[in-house]
Structures are given as structure tokens and as C-alpha cells.
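In order, the protein sequences belong to chains D and B.
Numbering-wise, the first sequence is residues 1 to 295 according to our numbering.
Numbering-wise, the second sequence is residues 1 to 322 according to our numbering.
Hints listed in this document are in silico derivations from the structure and should not be mistaken for laboratory results.
Errors might be hidden in some of the hints.
To be verified - Straight-line C-alpha distance at most 25 Å; calculated SDA-like pairs for lysine to any residue:
1) Lys222(D) x Ile41(B)
2) Lys114(D) x Leu305(B)
3) Lys9(D) x Phe82(B)
4) Lys69(B) x Asn135(D)
5) Lys237(D) x Ala198(D)
6) Lys80(B) x Tyr56(B)
7) Lys175(D) x Leu305(B)
8) Lys104(D) x Leu305(B)
9) Lys9(D) x Glu212(B)
10) Lys9(D) x Leu305(B)
11) Lys175(D) x Lys226(B)
12) Lys226(B) x Gly7(D)
13) Lys166(B) x Tyr45(D)
14) Lys28(B) x Asp168(D)
15) Lys166(B) x Lys9(D)
16) Lys114(D) x Leu304(B)
17) Lys124(B) x Val13(D)
18) Lys104(D) x Lys226(B)
19) Lys114(D) x Val197(D)
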Amino acid sequence: MMRQTTGEKVFAVFNYILLFIICIICIYPLWHVAVASISDPLIIYAKRGFYLWPMGEISLKGYELVFQDPNIISGFLNTLLYVGVGTALGLVLTIMGAYVLSRKGLYWNSLVMKLIVFTMYFQGGLIPFFIMVKNMGLMDSRLAIILPTAVNTWNLIVMRTAFATVPDSLIESAKLDGASEWRTMWVIAVPVIQATVAVIALFYAVGRWNEWFNPSLFLTSKDKWPLQLLLREILLKNSTQAMTQLGSVGQSQQEMYRLLVKYCTIMVATVPILVVYPFLQRYFIHGVMIGSIKE
Amino acid sequence: MSVQNTQQLQTSHSTISKFNSWRNMVAKDWYKHWELYLMLIPVVAFYLIWCYGPMYGIIIAFKDFSPRKGIWGSEWAGLKYFMEFFDSPYAWRVIRNTILINFWNLVFGFPLPIIFALLLNEVKNQFYKRTVQTITYMPYFVSLVVVCGIIVDFAASDGVFGEITKMLGGTPTNLLSDPKYFRTIYVGSELWQRLGWDSIIFLAALSGINPELYEAATIDGAGRFKQIIHVTIPGIMPTMVILLILRIGAMMNVGFEKIILLYNPLVYETADVVSSYVYRKGIVESNFSFATAVGLFNSAINFLLVVSANWFSRKMTETSLW
């Protein structure tokens, strides 16, 4: 170990403090919401601004109201459906496409690859995409959420790069043993790159969890809405729709509880991901790194 | 005459035989790999329908599209909608806002994660380092809708930012209804979400630098700062260039979902960008052809940006996307 000069020591202390402040800034907004969501609704309604600690008596009234709201429950179930089906379909299509495109000696591969990469840099745009979905008769259908964004090009390219690292000899020997291409892919190639498969599955799942824009374009009936779209309604459009479901709250208290319910719905939508994330962190980081490998 | 005829005959012969040998090759290729090609079909179909289908739909930018007549059946309109856009007072406003928001986002959003990674790299205590990483990556996992919900809450006149203004002796206002602050809010919240996450890639590049280079630099008498200039920065240069190209390429279409969630007519002056304008004209007002024309203008600029950024980088640094 080298000896540190005074300048380096001063820098180290300064550095630790700066990083600490950055952490506080990153965490405060989440902390603010968490604390407010269990505070006394009367107090947070009267006094806004910084919350460092729960105000007044700790109350779970907000969560009670949120979990009684049939809209939020159906939104949650819809999100689970879109995450589950969307991730599964996206993953299977991505694996199939990436596997074939990673194989050498196929005449059409380079053309298909060029056409796919081109779509990353040039798209039809919002309106032609919207008209396409409409013309396919998918308006207000759950398929409109799943199908048009099933495959993500970036994920496909990452997966293809991973498949390219599988040794040819491994694949050839499986075929010599009489395995079909389909079987070779699932039984031989996919297990070799399972870390990448896990990462891509995570990317698809997070993308689906956060999705609100396409649902807002294509889904007119509320019972098909995912959670994020309901959240927009509650958080950003100042809708009292959610509140009308809450019979136990008197008319005069609506405004007061609305704020509390906002905080609680944020928690309900965010905590599941934040709880899972530290355990999956290394997969995400792995994903960022393999995504950066150049062709 | 006859010489010419023979020549023509020969060329057409060789074209035919070229075509035949190509056909043979394709047939052989299919015979050998048909199983794989069958597996490729769903993905190709996906791209044809959902990516190339809309590209075909772009032609409605040059037509008077009516949903009843369909894309092909609608009357041609030439460049009418492009003219309409460029003649409108909003053209300059949305183009200027797009450029400015992206410019400031690049000015802060690109170097700060690099600096953050450099600072983090200097931390010797592994536990502290890992804790800082876990905490600063967290905002990235908060959904956009929730981030915007929190922004609205904080930016209200009696919200957190209002409180700060009061502490500094100012009069709190609702920041989201003042055009002055929209870009700051946009870039600031983007930074909040992405600072840690975007540093991952640079941390990886940093850990990939050969330690012997640092030792050699120390022997040559280079201090900490000089090592950063002469070893660290060159070491992460290729990563920086690639990410810069990617960001420049995405300049014209980045982040319009956030704008749609946050803006309101009071702040259109600074907040309305090309893609949010397309959304409003096309989806909200059903002015399909006009919005497609504006969108096409946007994609074309975007495409030019990527191609030229890539060309420039290949010339200057020998690093490029393709």
C-alpha cells in the first residue's frame, strides 16, 4: 500500500462526504413518500414540505383505502398479466431469432440482420404505428399491448452476441447425435448462456411493469388498464375517480385523503420492484455490460 | 450488327446463368437450414408487421389520409402538410425546445455519470462503495409515472421545492406552471434517475484498465490527478465515444413520455417538443397526415444525426457503431 499525501487524504474525506450527499438526494424522494404514506392524513394535508419522519400517529388508513379500490386491484392483476405474457413471449421470440441469427453459414442472415438493425435508427413513427395497430383490429384489445412491442431490438442483439459465444463444436456434436435444431437450441445452447437469458427476461419484465404509454393509446376500457396507467390517472390527472369508490370516507374528507392515497399508491407500485431489485442487482449490472459489447 | 447481337446474347446468357446458380445456392441453403429458417419466421414476421408496416404507413404524410379510404386509397397531397408545419408558428418553437432540452440533458447527463464513476472508483472501502452503488441505482427502477407523480408533488407551491425557496427567502410558486423551470425540472429529474445507473458502464470500463499502467505512471512520477488524465481517461475513451454516439443518435426522440406526463398549456413555450406536438396533433386531434409529416421530419433528422455522429467518430477515433 502506498502512503497517502495530505492532499489525497483531504480528497478522500471530501469524496466520501460528496457521495453521501448524492445518496441522500437519491433516497430522499422515496423516503418522503414512504413516510407520508403512513402519516396522519390530517397533518400531512395541513403541512406539506419536508417529511423526515412519520407525522402524527402512524396510520395504515391510506393502504386500507388503496387495497379496497377495485380499480387498483384489477390494475395490479392486469399488470401481472402483461408482465407474465409479455416477458414469456418476448423471451421466446428473442431466443429463437437470436439463435438463428447467431449461426454461421446461413445465406439470409446478414440481410435479415441489416433490416433489424435499421429499425433501431429509423422508425415509422407514432402515427403510422397507431394506424397499423388500429388496422389490425387490435383497438381496446389486450393483444395491442403484447404483440406490437413483443421483441426489443436491443435485447435481440445482446442475445445474439451471447449465442455467438457458444462453441460451434458443441452445437455440431449435438446435431451429430441426431438432435433437431429446435432441441439443440433449447437443450444445448440456451443453458450455456442462461445468465444472459435471465438478464433479458428481467429487462422485458421491468419494461412491461413500467409501461403506460401504449396502454393509454390502445386501451379504452378501464378494466384492461395496467397499474401504471391508473397511477397516471390518480397522480397526474387529479382524478377523484378512485375516491368515489371509497365509501367509508366522507365527502368533506375526500380532498384530505386524496393526498394520502397518492402516496400509498406510489408505494404499492414501487415497493415490489425496489424490494426485489437489490437481489437481482448483479444481473442488471451484467445486462448493462453485455449490452455494451460491440458487435 | 451480328457482333453486337452475339454480345447481347452472351450477356443475357451470363445473367441467366448467374441467376440460375444463385437460385441453386438459395435452394441448397434452404435445404440445409430450413429448420433454422422456420424458427426465424416469427421474428421476421414481427419486424415486417410492426416495424416495416408503419414505415409503409409513412406515405400518409404525403396524402390526405382518411381512415375510411385507407392508406392506399387516400388522395395524394404532395408536400402540403410539410409546408403547413413549417409555416406554422409552432414549427420553430417545437424544434427549438427539442434541441434545447436534449442539449442540456446531454451537457449534464453525459459527463456527470463519468465523474461519478471516477469518484466511486477512488473509494477504497468496498462496503461503502457497494452501498453507494445500490442506493444510487435505485431511482432507475422507479417507474416514469411515479417519478412524474413525485415531481408534481415536490414542485407544488407548498411542496418540497417551495419549502426550499422559502428557506432561501423567496416566494414559492408552482414550478410546473412556470415555463422558466421546465427544462431544469426535466434535466434534473433525468439526472436523479440515471446518474448512478449510467455510471455502471464506466465503472466496468474503469475496472478493465490494466493496473500495470498505473504502476508505470507512478514510476514516471505522475500524481493521482495526472494518472487520471493520462491513464484513466484514455482507458475509458472508447466507451465514452460509443455512448456519446448513441446519445446523439437518440437526441430527437428521447423522453417525450415524460414531457407528456408533466407539461400543460402554461409551459408549452418551453416544454412542447416535436414528438409531443406529433402526439397532440395526431392522437388527440386525429390530424393523422399532418402529424405523420411532422414525425417524419423528426425521424429523418434523427437518422441523419446518427449517421453523421457515427461517420465523425470513425474519422476521429476509429471507434464506431458500424
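Are the Cα positions of Lys114(D) and Leu305(B) separated by 25 Å at most? 19 Å, holds
Distance restraint between Lys9(D) and Leu305(B), which requires alpha-carbon spacing of 25 Å or less: 45 Å, violated
Holds or violated: Lys166(B) with Tyr45(D), Cα cutoff 25 Å? 19 Å, holds
Within 25 Å, alpha carbon to alpha carbon, are Lys237(D) and Ala198(D)? Cα-Cα ~36 Å, so violated.
Lys175(D) and Lys226(B): Cα distance at most 25 Å? Roughly 56 Å separates the two Cα atoms, so the pair is violated.
With the threshold set at 25 Å, check whether the alpha-carbon distance from Lys166(B) to Lys9(D) stays at or below it. With a Cα-Cα distance of about 37 Å, the restraint between Lys166(B) and Lys9(D) is violated, given a limit of 25 Å.
Pairwise hint evaluation, Asn135(D) against Lys69(B), where the allowed Cα distance is 25 Å at most: With Cα atoms ~12 Å apart, Lys69(B) and Asn135(D) stay inside 25 Å; holds.
Is Lys114(D) close enough to Leu304(B), meaning Cα to Cα at most 25 Å? 17 Å, holds
Restraint status (C-alpha distance of Lys9(D) to Phe82(B) at most 25 Å): Violated, because 61 Å separates the two Cα atoms, which is more than 25 Å.
Within a Cα-Cα threshold of 25 Å, do Lys104(D) and Leu305(B) meet the stated pairing? 32 Å, violated
Holds or violated: Lys124(B) and Val13(D), Cα atoms, limit 25 Å. 11 Å, holds
Hint check: Lys226(B) vs Gly7(D), CA-CA at most 25 Å. Holds or violated? 14 Å, holds
When the structure is compared with the earlier hints, violations turn up for hints 1, 3, 5, 7, 8, 10, 11, 15, 18 and for no others.
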